[in-house]
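Chemist: Chain residues, written in single-letter form:
Number of protein chains: 2
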Amino acid sequence: MSVTAPQGFEAAGVAVGLKSTGKPDVAVVVNRGPLKVAAAVFTSNRAKANPILWSQQVMHDGTVEAIVLNSGGANCFTGPFGFQTTHQTAEKAAELLEVSAGDILVCSTGLIGTGDEVFRSKVLEGTERGIAELSAEGGEAASLAIMTTDSVPKTSVHDGDGWKIGGMAKGAGMLAPGLATMLVVLTTDAVLAVDEADAHLRSATRVSFDRLDSDGCMSTNDQVSLLVSGASGVTPDPDAFRRALIEVCTDLAVQLQSDAEGASHDITIEVRGAATEDDAVEVGRSVARNNLFKAAIFGNDPNWGRVLAAIGTTGAAFDPYDVDVWMNGVRVCTAGGPDRPREEVDLTPRATSVLIDLRVGAESATIFTNDLTHDYVHENSAYSS
Amino acid sequence: MSVTAPQGFEAAGVAVGLKSTGKPDVAVVVNRGPLKVAAAVFTSNRAKANPILWSQQVMHDGTVEAIVLNSGGANCFTGPFGFQTTHQTAEKAAELLEVSAGDILVCSTGLIGTGDEVFRSKVLEGTERGIAELSAEGGEAASLAIMTTDSVPKTSVHDGDGWKIGGMAKGAGMLAPGLATMLVVLTTDAVLAVDEADAHLRSATRVSFDRLDSDGCMSTNDQVSLLVSGASGVTPDPDAFRRALIEVCTDLAVQLQSDAEGASHDITIEVRGAATEDDAVEVGRSVARNNLFKAAIFGNDPNWGRVLAAIGTTGAAFDPYDVDVWMNGVRVCTAGGPDRPREEVDLTPRATSVLIDLRVGAESATIFTNDLTHDYVHENSAYSS
Numbered sequence: 068m069s070v071t072a073p074q075g076f077e078a079a080g081v082a083v084g085l086k087s088t089g090k091p092d093v094a095v096v097v098n099r100g101p102l103k104v105a106a107a108v109f110t111s112n113r114a115k116a117n118p119i120l121w122s123q124q125v126m127h128d129g130t131v132e133a134i135v136l137n138s139g140g141a142n143c144f145t146g147p148f149g150f151q152t153t154h155q156t157a158e159k160a161a162e163l164l165e166v167s168a169g170d171i172l173v174c175s176t177g178l179i180g181t182g183d184e185v186f187r188s189k190v191l192e193g194t195e196r197g198i199a200e201l202s203a204e205g206g207e208a209a210s211l212a213i214m215t216t217d218s219v220p221k222t223s224v225h226d227g228d229g230w231k232i233g234g235m236a237k238g239a240g241m242l243a244p245g246l247a248t249m250l251v252v253l254t255t256d257a258v259l260a261v262d263e264a265d266a267h268l269r270s271a272t273r274v275s276f277d278r279l280d281s282d283g284c285m286s287t288n289d290q291v292s293l294l295v296s297g298a299s300g301v302t303p304d305p306d307a308f309r310r311a312l313i314e315v316c317t318d319l320a321v322q323l324q325s326d327a328e329g330a331s332h333d334i335t336i337e338v339r340g341a342a343t344e345d346d347a348v349e350v351g352r353s354v355a356r357n358n359l360f361k362a363a364i365f366g367n368d369p370n371w372g373r374v375l376a377a378i379g380t381t382g383a384a385f386d387p388y389d390v391d392v393w394m395n396g397v398r399v400c401t402a403g404g405p406d407r408p409r410e411e412v413d414l415t416p417r418a419t420s421v422l423i424d425l426r427v428g429a430e431s432a433t434i435f436t437n438d439l440t441h442d443y444v445h446e447n448s449a450y451s452s
Numbered sequence: 068m069s070v071t072a073p074q075g076f077e078a079a080g081v082a083v084g085l086k087s088t089g090k091p092d093v094a095v096v097v098n099r100g101p102l103k104v105a106a107a108v109f110t111s112n113r114a115k116a117n118p119i120l121w122s123q124q125v126m127h128d129g130t131v132e133a134i135v136l137n138s139g140g141a142n143c144f145t146g147p148f149g150f151q152t153t154h155q156t157a158e159k160a161a162e163l164l165e166v167s168a169g170d171i172l173v174c175s176t177g178l179i180g181t182g183d184e185v186f187r188s189k190v191l192e193g194t195e196r197g198i199a200e201l202s203a204e205g206g207e208a209a210s211l212a213i214m215t216t217d218s219v220p221k222t223s224v225h226d227g228d229g230w231k232i233g234g235m236a237k238g239a240g241m242l243a244p245g246l247a248t249m250l251v252v253l254t255t256d257a258v259l260a261v262d263e264a265d266a267h268l269r270s271a272t273r274v275s276f277d278r279l280d281s282d283g284c285m286s287t288n289d290q291v292s293l294l295v296s297g298a299s300g301v302t303p304d305p306d307a308f309r310r311a312l313i314e315v316c317t318d319l320a321v322q323l324q325s326d327a328e329g330a331s332h333d334i335t336i337e338v339r340g341a342a343t344e345d346d347a348v349e350v351g352r353s354v355a356r357n358n359l360f361k362a363a364i365f366g367n368d369p370n371w372g373r374v375l376a377a378i379g380t381t382g383a384a385f386d387p388y389d390v391d392v393w394m395n396g397v398r399v400c401t402a403g404g405p406d407r408p409r410e411e412v413d414l415t416p417r418a419t420s421v422l423i424d425l426r427v428g429a430e431s432a433t434i435f436t437n438d439l440t441h442d443y444v445h446e447n448s449a450y451s452s
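In order, the protein sequences belong to chains H and L. Each residue of the first sequence is one higher than the last, beginning at 68 in the working numbering. Each residue of the second sequence is one higher than the last, beginning at 68 in the working numbering.
One or more of the hints may lead you astray.
Same chains, same names: a pair is fine if it fits in one copy or spans any two.
Unchecked claim - Heads up, simulated SDA-like pairs for lysine to any residue below, C-alpha to C-alpha not over 25 Å straight-line:
1. K86 x G404
2. K159 x A199
3. K189 x G404
4. K86 x N367
The hints are simulated quantities; they were obtained by calculation from the structure and are not laboratory data.
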């Protein structure tokens, strides 16, 4: 059910030929209310795609009626023509839904530089057909239509106390040939004000999607949106809602990690004993972005020296000679020196855990990443255009 | 001739079994004077190997008599025992050369965590045998003894106006199984004071080795040393010497790039039109460290969208929609949009040039990197530990 699990939402997914495979490629999600509250977070890449530039404007008043999403083209670096395409998509949806174009979010994913007249006409056709096919059972079709190189659709639902949260996500991590990464739509029928929705979304993405760092490459098109219908009539306990949203976002983030192209290990890097949470994130991310560490995990080699060499490049507070490292539960490094023999670490399972104790404070953070494999290189070299 | 090309230097390379292949693995370079001036730069990784910790102390007075270098073990994260090994190596060399141990630099390269009693006894044996075999023709033997996975030795000589600069280097870029990267020894018979040697070395490494970023992974053992014998009796023109040292360092850096393991392209990323040199370096490095860009080059795909997505993550001054990009001389992107068709770019040659014009200033910088290949993943996963 994904995004249509909560009350007040309709969705659809249609195929208009943006994908050469003929699979569904345009999704529409509509909020039927009574509330039309929304929050969104966008890629922090300064090179932003046209749909990001458009959607940032839409979010200024916190009101969103619907989202149109397409795969098969990023509409990024396509100039004024590309921006007009996004604008026309919003206008088309607004006209058919009898709302304002300024309340329509647009998301695109696919190859950068793609956004010609053929692309425009197909996206407009998809918008029209998607809106014609809207239904309260359309969540699954929508989750299929936003897939690019994903092997499975990613959805999540949380059943709260009288309210629900639904979500769908695509791509991520090991990036697809065209830099098409993370698009996420979250829905809820809980009653939330704009400020509450925004605060909940930011606190949830900060510890879920922002902690997913599959290959260190930031997209131009990332967008996570939360649509609030209020159709349950229930005002949720703020803490319960926040925890539920974190749970749904983490569930989707882990689904993205598990489907990362080319990956053979899902690596969870937990950093403990940090002076600050920022330090913990910086240390975890430095390991997640170290190609030598990632290649070693691919080779089932518990090379803790590469972990220390990676964290040594950060500015976090710690003494390199007083750090402990565990791999899959085995303490391989104590106080910056060898502890248990490498042979005791079994890295054959896909799920891999690295625990780093900086031994200077009480803060922690967990980063999700993948290994660097032959398939990653293959996917990102052989199929590009 | 490498490091023994200038007057006043003797060197040797011997095999003591640190390498399982039986190839030479300990090198000694001695400065016979009359000057014993030296300068050195070290890895900025906070996780520093024992020989780095030792050599930093040695450099405090700018006087160096000799350098002992070993391959086959990094002596990093080996605790107090490992530091004592480095100390004993310096003591052994000092005793045999009848100088102070505080004037002996030590460099090690190999797997992190390697530095047991067998390692110590072999390094000490190598130090003794190396000093016994010192000769003014020993530069080549020394350059062979510092190789790890290098396929060829790297040496360079510059003939100045009455003085010479010699140099040898090992490793780099696509890192060897054990994080063994860059060791460089430079020699000159020019007459230089300590401050001059230090200033020249820093200005040369800043635009040569510091601009080599093969895979973004910083070693724990990097060291570049300049030994000054003054044996020519000639005080060089400062500008001429600086230019010559930059030339030698760049020559060695490019040799390291060309021999980077697993690489199929040597990529020169030139950033122009930057507001500051730091901006140019940051932009070039962001591209050099982007796995998607590096995989695309491996696939002979002129994917300029990945260049823009990479530079969009930097804080440098520029407008993402007013950037021009050339690949191998073809302008593929103008003002942040498509220009010439990708088909016009021939990426089959190993030498690859990427030119990025930020169009906001007059500063520039060049970064040297390599592509991300199957062989890189193989070298760094299959053979580790």
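Chemist: Against each hint, give a clear statement of whether it holds in the structure.
Modeler: Verification of the supplied hints:
no. : hint        : verdict
1   : K86 x G404  : between (52 Å within a copy, 22 Å between copies)
2   : K159 x A199 : within (12 Å within a copy, 85 Å between copies)
3   : K189 x G404 : between (59 Å within a copy, 21 Å between copies)
4   : K86 x N367  : between (36 Å within a copy, 23 Å between copies)
In this structure, every one of the numbered hints holds.
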